[in-house]
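Visitor: Dock chains E and V against the given chain A, drawing on the hints supplied.
Residue numbers (full-length UniProt numbering), protein chains in the order written: chain A, 1 to 165; chain E, 1 to 264; chain V, 1 to 824.
Among these hints, one or two may not hold up.
Incomplete in silico selection of chain V near chain E, CB under 10 Å [to be verified]:
{"no.": "1", "residue": "738"}
{"no.": "2", "residue": "815"}
{"no.": "3", "residue": "816"}
Using C-beta positions, here's what the derived DEER-type ranges look like [said to hold, decoys possible]:
{"no.": "4", "chain 1": "A", "residue 1": "83", "chain 2": "V", "residue 2": "619", "range": "37 to 43 Å"}
{"no.": "5", "chain 1": "A", "residue 1": "31", "chain 2": "V", "residue 2": "823", "range": "55 to 61 Å"}
{"no.": "6", "chain 1": "V", "residue 1": "750", "chain 2": "A", "residue 2": "15", "range": "17 to 23 Å"}
{"no.": "7", "chain 1": "V", "residue 1": "175", "chain 2": "E", "residue 2": "220", "range": "28 to 34 Å"}
{"no.": "8", "chain 1": "E", "residue 1": "195", "chain 2": "V", "residue 2": "484", "range": "41 to 47 Å"}
{"no.": "9", "chain 1": "E", "residue 1": "14", "chain 2": "A", "residue 2": "13", "range": "22 to 28 Å"}
{"no.": "10", "chain 1": "V", "residue 1": "477", "chain 2": "A", "residue 2": "31", "range": "54 to 60 Å"}
{"no.": "11", "chain 1": "V", "residue 1": "64", "chain 2": "E", "residue 2": "212", "range": "39 to 45 Å"}
Rather than coming from a laboratory, the hints here were simulated on the basis of the structure.
Yeah, the Cβ is synthetic: ideal placement off N, Cα and C, and Gly gets one too.
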Amino acid sequence: MSPSISLTLNGEARDIALDDPRVTLLDLLRERLALPGTKKGCDRGQCGACTVLVNGRRVNSCLTLALTLDGAEITTIEGLAADGTLHPVQEAFIENDAFQCGYCTPGQIMSAVGLIAEGRAGDDPERIREGMSGNICRCVAYHGITLAVQDATRSMTPLKKEDAA
Amino acid sequence: MYNFDFERPKSVADAVKALQTEEAQPLGGGQTLIPTLKQRLAMPSKLVSLAGIDEIKGVCKDDQNRLCIGGGTVHRVIAEKAMSEGFPGLTGLASKIGDPAVRNRGTIGGSLANNDPSACYPAAAMATGATIVTDRREIAADDYFKGLFETALEEGEIITEVKMPIPEASAYMKFEQPASRFPLVGVFVARFSDRVGVGVTGASESGVFRWTEAERALGSDFSADAVKGLSVPADGMISDLHGTAEYRAHLVGVMTRRAVAAAQ
Amino acid sequence: MKDERPDRTARAVRSPLPHDAATLHVTGAARYVDDIPVPAGCLHMAFGLSEIARGTITAMDLSAVRSAPGVRDVITAGDLPFANDVSPSAHDEPLLADGEVFYFGQPVFAVVADSHLAARKAVRLARIDYDAQTPILTIDDALAADSRFEEGPRVYAKGDADGAIAAAPRRVEGSMEIGGQEHFYLEGQAALALPQEDGDMVVQCSSQHPTEIQHKVAEALGLPMHAVRAEVRRMGGAFGGKESQGNALAVACAVAAARTGRPCKMRYDRDDDFVITGKRHDFRITYRAGHDDDGRILGLEFVQYCRCGWSQDLSLPVADRAMLHAENAYHLVDVRIESHRLKTHTQSATAFRGFGGPQGMIPMERVIDEIAHALSLDPVEVRRLNYYRAAAQSAEGGAAPATPAAPLPRDISGQKKVHDALPDDIASRGALGEVVEPAAGRVAASGEQTTPYHMPVTDFILHEMTDRLCQSADYTARRAGIEAWNAQSPILKKGLALTPVKFGISFTLTHLNQAGALVHVYQDGSIQMNHGGTEMGQGLFRKVSQVAASRFGLDVDRVRITATDTGKVPNTSATAASSGSDLNGMAVKAACDTIRDRIAAFLAEKDGVDAATVRFEDGAVITGAERYDFAEAVRLAYLGRVSLSATGYYRTPDIVWDRIRGEGRPFFYFAYGAAVTEAVVDTLTGEYRLLRTDILHDAGASLNPAIDIGQIEGGYIQGTGWLTTEELVWDAEGRLRTHAPSTYKIPACSDRPDLFTVTLWDGENFADTIYRSKAVGEPPFMLGISSFLALSDAIAACGPGYPALDAPATPERVLAAIQRVRAA
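If we strip away everything but chain A, and leave its shape as in the complex, we get (with noise of 0.2 Å):
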């Protein structure tokens, strides 16, 4: 059987064949189309490199098979900066020093977009890092990271929060 999904990655409508059921999203991304902007720092779902936006809400895409994806919309790193515009959560990281080897990067800034869309956190430093308690940074750059946030959450009107996730 060959089964395969349509979905919307990065904006864009693909069809996709799978030729194994066990597919990880994360392993689609990173072997089969060439975008290896999302990290693999454990492959257990407990680290959060991996993190993207599945309709909006953020994921471990290591461990969401691809073929429960029909019909979903997927973000990833590489589809944040429009037009080669950065997303204000990318500027804000560079702005705030939040990345040292930058490894974690890429799940931090997914799991950051997502955490401003569901819109709860605001900007109390308290609630963003429990909100953003899923993703590991070894290098601890979470002071950065925290500021990032924040300052992305003040810049960012609910107009664009929509436009974000």
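Guide: Same frame as chain A, but now just chains E and V:
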């Protein structure tokens, strides 16, 4: 993972049919099953995704003041809805499962069907005296949980709904294993007009249990003091690399008292 | 909380510029090894691992592996055509087990397949029979079996510790267990080997030490080093875990690439990474200290038991550095440090930020804390009393009584282990047979304060730093406040601790303190820079590019940073020992200055001015008579046939070190820091939270304050994690039980204290380092000791006893310590 067939039914009836294949397994949010498959600790011949079945999603209240939660509802939604239906203890529980990404996919049905000895929902189900509704029958919580990773579910049986009586007061206290955020010990306390329920997860080698001694004491006096002198024996508690049996037994007492204080 | 948002408009050195490749990182375009597009036909590898900790392989049937779908090749020890060795030191670490296995998780064979998944699946089909033996797993096991590296303990000593301790009016003694630590770099180990024509090999690797990769690959392929090139663009974290642990992947891929003629790639899955690779060395350290009623330490002895794992790797210099930091910031006259390097059948423990320094240092802080507790004194006062004398006083003031020469340690000069036929990996920290240079270093003058290894301490600034930190952190008032708070709080108890750090900067293996650079200025005025340092998130590339830009008076965006490449700069040392900026910054400076001086000389002659007056500023070259745009100046120089490319080289001056005798000047300078941490403990559960952290850290004249502050905060939290939640657990069979992020807890976003202040000590390095900056990678890690002692302080508030807390201080251990303290 070992290979498997895959189906994505749109109704419970279709799902039940799909699950009649030998070694077929239902897939909820995948937050537990996918890692299990990756470690090759399970080898279903077929995965039947329940994520496309709208009839098992959603939260509402019935006329017996029970919160009726579709088995396919994700933790995030449960946390949100429980709050608006006046059930803060359940919100506290659901909003602390895993992390935000996990809460966007993991479902209550998946969690209860798996009955991980360190899962959170079983404590709430036991404390409230919930009813687990499947495609073919209704099972009382006391009869549902059978031991570590064991439930009363039959082959191919799907949890379609969980009916949880909404207590007058409730709270969930979880002492986290810091790496996984699973409860080393989790205690759910629920006060009803005629009784108190105390469900304990993460602690016992036999899985989730009701601390009946504490329930009786709290029934006459719903205060932390009422359970002060009580304790559970270390014998029979889980001892592993995260904590000894003695530590867990000690924590059961502490978490119970804190849950009662939080539920005031 | 201080808002340290940096000003981006400033230029070059001293500016808080962002990390290099910032835009690449936030768009997901920054490439790590596993992201590199591979040529068609690239194969993938996986190791088959030992399932026992110690034994002999009696049968190995890999037929099912060979015939598994997608498998192209299976390699065992017997298939390796040349060296079977990935050791950075004693050649005692085969790539693939050769008949015997020495730890649970040791690579036994390698599979080469069409996909990563196919390789991993095929591995499981192996049928291996072992004749299992009883493994040596713990420190006690190793002592009982006398299982060790080197023939006996190493001893560094000064004066007469035994006598001084016996004669002292009071004593404290005890023992401390200090756990190891898993690196958990988010990017796991990875390598990609690309076979070239004529047998040459190129390796893309995630490694701190491309020269070692080059060397081990060349050995494995039977080639001279000139036939192998190793390249590192960046690592997704390393922390020491990629100094030697990347050798196995690179060598395996290279051997497979040579065999198959196809590119070969390997990465460890997270679980395998945990199980195969070495971690921070765990220790047991016992102590005996004699002191007076004021808290002054009169004599001190440490016995350090270091659990090294099954192969030597970098254990000797790690254990040496633990000895070299045993006294931390305190001047000890009669002191003895004995170090046992124990061999066990577990992962080969390796480099990790601090490299033994943190482990050696923490018992010293325990001793101070325990003395203070015994005398009911504030530990900060006991620290001050025992501190080295402040800089600019150390050569004078109060001649110390002449101390008798310490008896020489038993001569246990490093013994080479097996495989003497293989040449030493002399660029590695594990290298043996090091040359002790004739005493170029200064011998300590009489009365001069020295470390236990006889190095004069002339740059000590912790008195001033402690004063300033106590003030800014409001230490005295908070201590009083916490005491009052604890008195009326039965369940929760707060604790406060200030701990200092003095960390020696340089590789203790003297000859590693060298670095090279290659700088090209192109005709259009753009600059390409290369050096031997690697980027692992510490901001090295950015800092060094700031140096290059500053030398030419340009903005950093004129300087292109390029991947570290053994084909551009040869014979490089690992990026380790916090030395990257120091060494490579100086080498790049030398290369830039060479080119700059040529341009200056050329224009000076053309314009009839003195070359020394030519200035490079604000993108221009000014000769007094003329002002040229930099690009124009370069163009003219090119037309004038002036070479616009140069190499640079640097070697650290003044250092000399005899690791056997324990004498010399191993460090060019010391880096200093201090931290105050406040914590609260729940006495019913043992749980705790950090409430507030204040750090004052000495980065010299900082090259880049933003990067330095990031390193300081990162080091502190990582050090805190090491001592609190990061617990490694092995079972009785030697199997690592904590091998995933679900069982091994590293600090998360929500673990950071709400109140967190980091301030840089604004003072130039006395030593002549690059722009008078100081190394900043490792020293802040040990500031995490203040978290640990804050917990201990909170526990001490529960009763009369002394907590004697072991590390890591998990909630259960904290609860047990509370019970002990109450029962005393």
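Visitor: Run every hint past the structure and note whether it holds.
Guide: A quick look at each hint next to the structure:
{"no.": "1", "hint": "738", "result": "holds, 7 Å"}
{"no.": "2", "hint": "815", "result": "holds, 7 Å"}
{"no.": "3", "hint": "816", "result": "holds, 9 Å"}
{"no.": "4", "hint": "A:83 / V:619: 37 to 43 Å", "result": "violated, 31 Å"}
{"no.": "5", "hint": "A:31 / V:823: 55 to 61 Å", "result": "holds, 58 Å"}
{"no.": "6", "hint": "V:750 / A:15: 17 to 23 Å", "result": "violated, 41 Å"}
{"no.": "7", "hint": "V:175 / E:220: 28 to 34 Å", "result": "violated, 50 Å"}
{"no.": "8", "hint": "E:195 / V:484: 41 to 47 Å", "result": "holds, 44 Å"}
{"no.": "9", "hint": "E:14 / A:13: 22 to 28 Å", "result": "holds, 27 Å"}
{"no.": "10", "hint": "V:477 / A:31: 54 to 60 Å", "result": "holds, 59 Å"}
{"no.": "11", "hint": "V:64 / E:212: 39 to 45 Å", "result": "violated, 54 Å"}
Hints 4, 6, 7, 11 from the list above are not met by this structure, while the remaining hints are.
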